[in-house]
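Starting from the given sequences, assemble the full structure and let the hints guide the process.
Read top to bottom, the protein sequences are chains A and B.
All residue numbers for the first sequence refer to the numbering used here, where the first residue is 2 and numbers rise by one.
All residue numbers for the second sequence refer to the numbering used here, where the first residue is 72 and numbers rise by one.
Do not rely on the hints blindly, as some may be mistaken.
[What the hints assert, rightly or not] Each pair of labels, with its calculated beta carbon distance range:
1) B:P79 with A:E26: 55 to 61 Å
2) B:N160 with A:D31: 43 to 49 Å
3) B:K89 with A:T141: 26 to 32 Å
4) A:L48 with B:E194: 42 to 48 Å
5) A:S58 with B:K130: 27 to 33 Å
[Claimed, not checked] Cross-link-like lysine to aspartate or glutamate pairs, in silico, DMTMM-like; alpha carbons within 20 Å at most:
6) B:K137 with B:E76
7) B:K179 with A:D145
8) A:K49 with A:D122
9) B:K89 with B:D118
10) B:K154 with A:E91
11) B:K191 with A:D105
12) A:K106 with B:D163
13) B:K179 with A:D105
14) A:K138 with B:D102
15) B:K119 with B:D140
16) B:K95 with B:E205
17) A:K115 with B:D168
18) B:K95 with B:D163
19) A:K104 with B:D140
20) A:K115 with B:E164
21) A:K104 with B:E202
22) B:K191 with A:D145
23) A:K150 with A:D86
24) B:K179 with A:D98
25) B:K154 with A:D122
26) A:K115 with B:D163
27) A:K88 with A:D145
28) A:K138 with B:D195
29) A:K69 with A:D112
30) B:K208 with B:E76
31) A:K97 with B:E194
In case anyone wonders, no lab produced these hints; they're calculated from the structure.
Glycine included, each C-beta is placed from N, C-alpha and C at the ideal position.
So you can see what is in the structure, the chains are spelled out below.
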Amino acid sequence: MVETKTQNKHKTLLDFDYIGDSFGEDDMIDAYLKGKVDGEKGYLETLKKEIFKGLQSSALSSSLFKEKLKGIGVDVMDMYLRIIDFKAFECLAIIKDEDFYTKDKRWTSYDISKMVNSGIDDINLNFSLMPFSDDVKHETITSDGYYFKYNNV
Amino acid sequence: MSKEEHSPPFEHALHNFKAYGKLKEIGEFNDWVVTTSFYSALKFMEDKLFPGDYIHPKKGIQDTFKSFDLYFRACSSLTPTNKHRVLANLVDEHISDRSVVNSYNDLKSACHTARYINYKVGEDRVTMCSEAIEIIKNFCCGV
Chain A
2 MVETKTQNKH KTLLDFDYIG DSFGEDDMID AYLKGKVDGE KGYLETLKKE IFKGLQSSAL
62 SSSLFKEKLK GIGVDVMDMY LRIIDFKAFE CLAIIKDEDF YTKDKRWTSY DISKMVNSGI
122 DDINLNFSLM PFSDDVKHET ITSDGYYFKY NNV
Chain B
72 MSKEEHSPPF EHALHNFKAY GKLKEIGEFN DWVVTTSFYS ALKFMEDKLF PGDYIHPKKG
132 IQDTFKSFDL YFRACSSLTP TNKHRVLANL VDEHISDRSV VNSYNDLKSA CHTARYINYK
192 VGEDRVTMCS EAIEIIKNFC CGV
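Structure below.
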């Protein structure tokens with residue numbers, strides 16, 4: 002039982018007398034604190050589910066983005082995902098450098114990324130593009146929070 | 072502000088553009104050419120977009136924002152966010168010329184992903200950035 006300052010069970014309220022001792026202030030405080038812990042646990046579970054749902058949505062949309070880019074002749078060599086917040090995610094797509102440096106293909110890829118994002122209701126998914134290079138440092142990408150790597154290239 | 076005077080972001084944009092030009096001439100610092108071209112574009116965009124009327128992120132009604140910093144302050148009070156992301160969204164939503172928006176995306180991508188190739192920036196990336204900053208500068212300088 003939580004120690005409280007309210008030890009005096011005989012204190013009076015305006016127009017109300019204390020008539021029992023089966024449920025006092027200490028019981029109320031205990032119930033509140035337990036409820037708070039249970040509530041927080043429940044909220045944490047909800048947040049975890051939200052983030053996982055967002056990640057699933059991002060993963061699906063990123064795969065769709067890759068397919069749509071294939072449709073305009075742009076090869077995606079690799080993709081990474083990161084969490085920005087509960088409702089915002091980011092996909093880094095590494096594309097063949099010849100495709101990246103062809104302005105029409107690159108600019109159409111931006112349009113496609115915007116279209117894919119606008120088709121998602123529950124989250125915001127931003128796409129970043131970069132050209133493939135032998136100098137790509139995967140550990141630097143991961144250190145920027147991109148903890149999820151596409152495994153179906 | 073008179074016609075001859077420019078806003079602080081515009082002056083800053085020109086300053087960064089000058090640095091970009093000098094570094095490009097030197098030819099040994101491609102990573103800094105990319106960085107200065109992006110930060111020149113960023114300031115050009117700030118100048119173009121502010122002061123401006125935008126939906127206040129908290130109030131949900133249109134409000135006048137004198138500067139990007141004031142707009143960002145209103146955004147950042149809601150959830151943690153990133154200045155680059157906020158400005159990029161404004162550029163995408165409020166700049167009508169798509170070639171300017173795409174050029175800004177080019178510069179932002181080029182600058183932010185240079186670290187993933189250990190800043191070993193090649194000529195292709197420099198050429199892309201040079202084209203992009205020229206498009207943005209011409210748009211903002213009324214050329």
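- Task: Provide an ascending list of the numbers of those earlier hints which the structure does not satisfy.
- Result: 11, 18, 19 and 25
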